[in-house]
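Asks: The lines below spell out each chain.
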Amino acid sequence: MIRRLFPHPYLSALLVLVWMLLVNRFAWGSLVFAILLSIAIPALTEPYWPDRARLRHPGKIIAYVLLVIRDIVVANVQVAMIVLFKPNSRLQPAWITIPLDLRSPEAITVLAATITLTPGTVSSDLSQDGHALLVHCLHAPEPESVILDIKNRYEARLQEIFE
Amino acid sequence: MEYFAEILITALLVLGGIFGLVGSFGLVKLPDQMTRLHAPTKAATLGVGGILMASLCWFFFFSDHSSWHELLITLFLFLTAPVTGLMIAKTNMHLTWRPEELPDPGEDRNWATFGQSADRSLMDAVPEVDKAVRDHRE
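In order, the protein sequences belong to chains P and L.
Take the first sequence: its position 145, counted from the start at 1, is 145 in our numbering, and no numbers get skipped.
Take the second sequence: its position 87, counted from the start at 1, is 87 in our numbering, and no numbers get skipped.
The set of hints was computed from the structure by calculation and includes no laboratory data.
Among the clues, some could well be false.
Unchecked claim - When the alpha-carbon atoms are kept at most 27 Å apart in a straight line, the in silico DSS-like pairs for lysine-lysine are as follows:
#1 P/LYS60 to P/LYS151
#2 L/LYS90 to P/LYS151
#3 P/LYS86 to L/LYS29
#4 L/LYS29 to L/LYS90
Stated by the list, open to error - Some chain P residues judged to face chain L by a derived CB distance under 7 Å, without partners named:
#5 GLN78
#6 VAL79
#7 LEU117
In this text, a Cβ means the ideal position worked out from N, Cα and C, and glycines have one as well.
Modelling step: build the complete structure from the supplied sequences, incorporating the hints.
Replies: Structure below.
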């Protein structure tokens with residue numbers, strides 16, 4: 001019964017949270033409406049999303065988000081330095097291929113978004129069958145180390161969370 | 001106390017402004033489309049982040065009720081920025097790069113934008129019917 005009402009429990013919880021944040025101050029009426037939305041929206045969108053993303057360790061998401069925010073701040077400063085002080089002639093942009101160990105589509109989406117959000121790298125494409133990610137680096141004198149970094153720092157953690 | 005709050009908020013505003021400015025400057029200075037893509041997607045993260053933190057602090061210190069909209073703006077920004085980046089990158093790849101110039105996609109034959117269709121997609125794990133249809137077609 002509960003499973004029928006909430007086919008995607010995390011999505012429902014997120015919808016309640018987002019609605020309450022949008023309302024911006026607590027009221028019981030808004031909470032009731034938020035719960036109604038959290039039942040209606042997953043039910044309406046279910047045909048487009050038959051599978052449920054499996055989370056093995058949801059607790060590790062917070063640690064992952066904090067790590068990504070820290071990396072965003074650090075790398076933002078690095079990219080600002082490159083933009084301001086490095087002449088274009090000494091810039092070494094590079095395309096790199098990151099072979100993926102992740103198999104779940106949701107996990108790959110999160111990895112690609114993380115790569116784009118951390119400055120200096122933009123994920124540009126997925127290979128035809130989803131086994132590799134094409135990433136463009138703003139300045140990568142050693143592309144190998146960038147690949148290792150992304151695999152150890154982000155992919156390994158996502159694998160723990162999702163698979 | 002109020003004095004320190006004001007200093008904190010001002011510092012955050014200046015920080016956000018500087019990163020926004022550097023991002024826009026990068027857009028002018030960097031040499032080609034792909035490198036230029038890096039500058040604005042970054043300004044969006046820390047530049048806007050600084051301004052939002054300042055707003056959050058202002059509501060926390062100087063207003064009767066705290067505001068949570070900043071968290072939502074951050075959330076939506078983090079959800080949409082990568083999608084925009086991906087779309088611009090793919091357009092660039094089609095306009096200014098040939099598939100041979102890109103690195104090898106490993107064990108697959110092609111990158112998704114240049115390939116015709118997936119040989120064995122991630123989504124194939126579920127619908128057996130589709131697989132049968134495709135095997136028949138091949």
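Asks: Compare the structure with each hint and give your call.
Replies: Evaluation of the provided hints:
1. P/LYS60 to P/LYS151: With Cα atoms ~17 Å apart, P/LYS60 and P/LYS151 stay inside 27 Å; holds.
2. L/LYS90 to P/LYS151: holds (23 Å)
3. P/LYS86 to L/LYS29: With a Cα-Cα distance of about 10 Å, the restraint between P/LYS86 and L/LYS29 holds, given a limit of 27 Å.
4. L/LYS29 to L/LYS90: holds (22 Å)
5. GLN78: Since chain L brings no Cβ nearer than about 10 Å to P/GLN78, farther than 7 Å, the hint is violated.
6. VAL79: holds (5 Å)
7. LEU117: holds (6 Å)
Checked against the numbered hints listed earlier, the structure breaks hint 5 alone; every other hint is satisfied.
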